[in-house]
Amino acid sequence: MAIDAQQALLLFLFLLLTWLLLKKRISKKQNKNLPPSPPKLPFIGNLHQLGSLPHQSLWQLSKKYGPVMLLQLGNLPTVVISSAEAAKAVMKTHDLDSCSRPPLQGAQRLTYNHQDLAFSPYGEYWREIRKICVLELFSVKRVQSYWSIREEEITKLINSISHHSSSSPSSPVDLTEKLFALTASMIFRIAFGTSFEGSDLNHNRFNEVVQAAEATMGSFCAAEYFPYVGWIFDKLSGLHQRREKIFHELDSFFQGVIDDHLNPGRKKNQQDDIIDVFLKIVKEQTGFGAAILTETNIKAVLLNMFLGGVDTAAITMVWAMAELAKKPSLMKKAQDEVRNCIGNKGKVTESDIEHLHYLKMIIKETFRLHPPAPLLLPRESISHFKVNGYEIYPKTLIQVNAWAIGRDPASWKDPEEFIPERFMDSPIDIKGQHFELLPFGSGRRVCPAIYMGTTTVELGLANLLYSFDWELPSGMKEEDINMEESTGLSLTLNKRTPLKLVPKKHL
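Under mature numbering (1 follows the signal peptide of the UniProt record, and there is no 0), read the sequence shown as residues -23 to -1, 1 to 484, first letter to last.
For the record, the hints were derived by calculation from the structure and aren't laboratory data. Worth double-checking, as some hints may not be accurate.
With a cut-off of at most 27 angstroms between alpha-carbon atoms, the simulated BS3-like pairs for lysine-lysine come out as follows [unchecked claim]:
1. K133 - K472
2. K9 - K309
3. K363 - K40
4. K304 - K341
5. K309 - K41
6. K363 - K41
This structure is a prediction, so every number in the text was calculated from the model and none was measured.
Make the full structure from the sequences, and use the hints.
See below:
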């Protein structure tokens, strides 16, 4: 959006006002032992150093200023964590001291006003919502109850690729598009109890809406970094209007589905979907102070599910298949394992996954090199504590760079290489207890849907490896596969170019 002279003047005035407020409010700490910090500019601090791939920019800065680094992002003092040792101090030793979230400002408030799990400050309400998610919505028992949905959707995927292979034997298939459609269909059915065929929203539009929501959530919000005056810039840039439009569309869709579930004449599925479970909890609740559940809470949790569930599983499978395509020997080793285990059954089921040890190593290595969320959702410190000897004060934003930790040579040998075998006989897991590998976070803010996410990735990859031999398009070599990361504004880390491979039916 172009900014005319009048808008430029307003922008200058709000920056000047912000600088005056900061100059008045920011005082020197009595204890000078703050984390090392790069030089900063007036008004914006270190914002200009984030770059188009912030996780990489922060990684490069951490090489000079250390694994505990202090940045000033506008009005927000931000500590960036880039080592397993420092991450453990924050997310385990001082988990309770640093498990809140900063207040959302301006256009950010359109995300259900702190009703969701990811963006709520720490308190009674957040603890109750998390308890519901962990014990009811994403428990192992609940996730296992959706096994038929996952297997049905993966069967559709395999059939679709088989049809493509039969009709166009040498033509590549867009695995990025196929895998995003797969995870969207799964989440849609698990959440709503219906398929895209029974909805007004087709899967292409659904993916567009989810990705647009992620883009607006991941975009620069001046009101967040410059309280009181930043909303002016958000208005001028059009961010507020874009965010309002996309969340209005999501809100209207969520409300329509909830209304349909409340309809006494609705034909119920044999298996309760997420909305069924949540509505039952709302109906039976006895109350817990300020945290009374409403339909808004349901929408907020649904938003978390789609922002955290649709992209991340698909992104992980795309990166895994890309890494295997670059190293055919690893691809063959993975295929031999799954095919020897499954034999002529025709497909991989969830009961088979526990026997596929090399596949699990591949997934861990993919999470290490390509965490779907390279920067974990930021925390806010509640009280004063120390990390690696440095003082962390209350109201400090804490950003854990999971991408940088996965490439830290202090934790990993040959960190830039894709070597699944590094996990052979290794105790390191992805559940948040080993701080060298944090794709789902750790501590009180750990993702409650770990089991759902990993089950989807394991089953999807296993069936792709079992059912097809994968070749590069004609004239393409392994070194030609583009492994660059997307520079678009998003909470997740996509492969920059779609992954296109030629499938050859194995059975």
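* Asked: Tell me, which hint numbers fail for this structure?
  -> Violated: hints 2, 5.
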